[in-house]
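Chains R and Y, in that order, are what the protein sequence lines are. 54 is the number of the first residue of the first sequence in the numbering used here; add one for each residue after it. 9 is the number of the first residue of the second sequence in the numbering used here; add one for each residue after it.
The hints are simulated quantities; they were obtained by calculation from the structure and are not laboratory data. Some hints here could point you the wrong way.
The calculated label-pair distances, taken between Cβ atoms and stated as ranges, are [what the hints assert, rightly or not]:
id, chain 1, residue 1, chain 2, residue 2, range
1, Y, Lys110, R, Asp80, 39 to 49 Å
2, R, Lys67, Y, His122, 42 to 52 Å
3, Y, Asp9, R, Lys67, 29 to 39 Å
4, R, Ser107, Y, Val86, 43 to 53 Å
5, Y, Ser20, R, Ser136, 40 to 50 Å
6, R, Lys108, Y, Thr34, 27 to 37 Å
7, R, Asn123, Y, His122, 40 to 50 Å
8, R, Lys67, Y, Glu66, 45 to 55 Å
9, Y, Thr53, R, Pro61, 18 to 28 Å
10, Y, Glu66, R, His138, 25 to 35 Å
11, R, Pro93, Y, Ser16, 34 to 44 Å
On a predicted model such as this, the values are computed, not experimentally measured, just so you know. Where a beta carbon is used, it is the ideal one built from N, C-alpha and C, also for glycine.
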Amino acid sequence: GAVVSQHPSRVICKSGTSVKIECRSLDFQATTMFWYRQFPKKSLMLMATSNEGSKATYEQGVEKDKFLINHASLTLSTLTVTSAHPEDSSFYICSALPRGRDTQYFGPGTRLTVL
Amino acid sequence: DQQVKQNSPSLSVQEGRISILNCDYTNSMFDYFLWYKKYPAEGPTFLISISSIKDKNEDGRFTVFLNKSAKHLSLHIVPSQPGDSAVYFCAASEAGGTSYGKLTFGQGTILTVHP
Numbered sequence: 054g055a056v057v058s059q060h061p062s063r064v065i066c067k068s069g070t071s072v073k074i075e076c077r078s079l080d081f082q083a084t085t086m087f088w089y090r091q092f093p094k095k096s097l098m099l100m101a102t103s104n105e106g107s108k109a110t111y112e113q114g115v116e117k118d119k120f121l122i123n124h125a126s127l128t129l130s131t132l133t134v135t136s137a138h139p140e141d142s143s144f145y146i147c148s149a150l151p152r153g154r155d156t157q158y159f160g161p162g163t164r165l166t167v168l
Numbered sequence: 009d010q011q012v013k014q015n016s017p018s019l020s021v022q023e024g025r026i027s028i029l030n031c032d033y034t035n036s037m038f039d040y041f042l043w044y045k046k047y048p049a050e051g052p053t054f055l056i057s058i059s060s061i062k063d064k065n066e067d068g069r070f071t072v073f074l075n076k077s078a079k080h081l082s083l084h085i086v087p088s089q090p091g092d093s094a095v096y097f098c099a100a101s102e103a104g105g106t107s108y109g110k111l112t113f114g115q116g117t118i119l120t121v122h123p
């Protein structure tokens with residue numbers, strides 16, 4: 054149990070376009086989902102915390118207008134990178150916290166490349 | 009400011025021997041610690057966790073030790089297997105003994121287990 058999926062797994066887009074990444078908890082309800090970003094050979098950095106039905110909480114330095122997060126249901130959160138630029142190229146990973154549990158479970162990640 | 013540090017970028021161990029991965033933290037408010045295993049281009053997989061009220065937690069071949077006074081934790085893998093080769097991240101949370109809140113990750117340690 055506690056499976057988290059992400060779609061797409063890999064996306065290449067042109068500079069200036071927007072990209073949407075989906076994060077789904079497949080076999081549990083997640084009251085809270087988290088979005089992380091990992092640069093090559095670096096640690097995972099939390100971007101934002103997403104609670105179902107409310108606005109996301111962004112970490113310091115993360116532009117909320119650039120990284121739009123929508124937690125539409127207890128099993129789905131989306132991250133939209135708006136007007137993507139090459140510096141947004143990274144590995145984006147979501148995690149979900151099952152209701153009543155105390156461990157976050159991570160998705161497989163999405164590799165974004167902006168040309 | 010790196011609040012969670014894994015000072016060894018890599019570790020090489022012979023199959024069957026013990027692997028010891030270390031992690032230090034500076035934030036005394038952290039009260040819940042986790043170890044994740046990660047393969048390239050995949051999301052982290054939860055391994056084991058420990059609350060600050062304990063100093064040891066064991067699960068099969070994996071044991072985590074916590075020394076609160078030294079702000080140090082370690083992951084022991086015995087016996088090590090080639091399939092354990094991956095990047096290991098330690099993470100910490102200050103959300104009342106859960107990972108409900110933000111996870112702060114270390115930089116990761118690449119473990120290579122040689123047959």
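Check your understanding: So does proline 93 of chain R sit 34 to 44 Å from serine 16 of chain Y, Cβ to Cβ?
Key -> violated (19 Å)
Review point. That 40 to 50 Å hint for asparagine 123 of chain R and histidine 122 of chain Y (C-beta), does it hold up?
Key: Given about 46 Å between the Cβ atoms, the range holds.
Review point. Does the Cβ distance between aspartate 9 of chain Y and lysine 67 of chain R fall inside 29 to 39 Å?
Key: Once the Cβ atoms are compared, 36 Å apart, the range 29 to 39 Å for lysine 67 of chain R and aspartate 9 of chain Y holds.
Check your understanding: Does the hinted range 25 to 35 Å hold for glutamate 66 of chain Y and histidine 138 of chain R at CB?
Key -> violated (47 Å)
**Study point:** Verdict for lysine 67 of chain R, histidine 122 of chain Y (Cβ pair) under range 42 to 52 Å
**Key:** holds (44 Å)
Review point. For the pair lysine 108 of chain R and threonine 34 of chain Y, does the Cβ-Cβ distance stay inside 27 to 37 Å?
Key: holds (31 Å)
Review point. Between lysine 67 of chain R and glutamate 66 of chain Y, is the Cβ distance one that fits in 45 to 55 Å?
Key: Between lysine 67 of chain R and glutamate 66 of chain Y, where Cβ atoms are some 51 Å apart, the hint holds.
Practice item. Go ahead and decide if the range 43 to 53 Å is satisfied by the Cβ distance of serine 107 of chain R to valine 86 of chain Y. Key: 44 Å Cβ-Cβ, so the 43 to 53 Å window holds.
Check your understanding: So does threonine 53 of chain Y sit 18 to 28 Å from proline 61 of chain R, Cβ to Cβ?
Key -> holds (21 Å)
**Study point:** serine 136 of chain R and serine 20 of chain Y - C-beta distance against the hinted 40 to 50 Å
**Key:** holds (44 Å)
Exercise for review: Take a look at whether the Cβ-Cβ distance between lysine 110 of chain Y and aspartate 80 of chain R falls inside 39 to 49 Å.
Suggested key: Violated: the Cβ-Cβ distance is about 24 Å, outside 39 to 49 Å.
Against the hints set out earlier in the document, violations occur for numbers 1, 10, 11.
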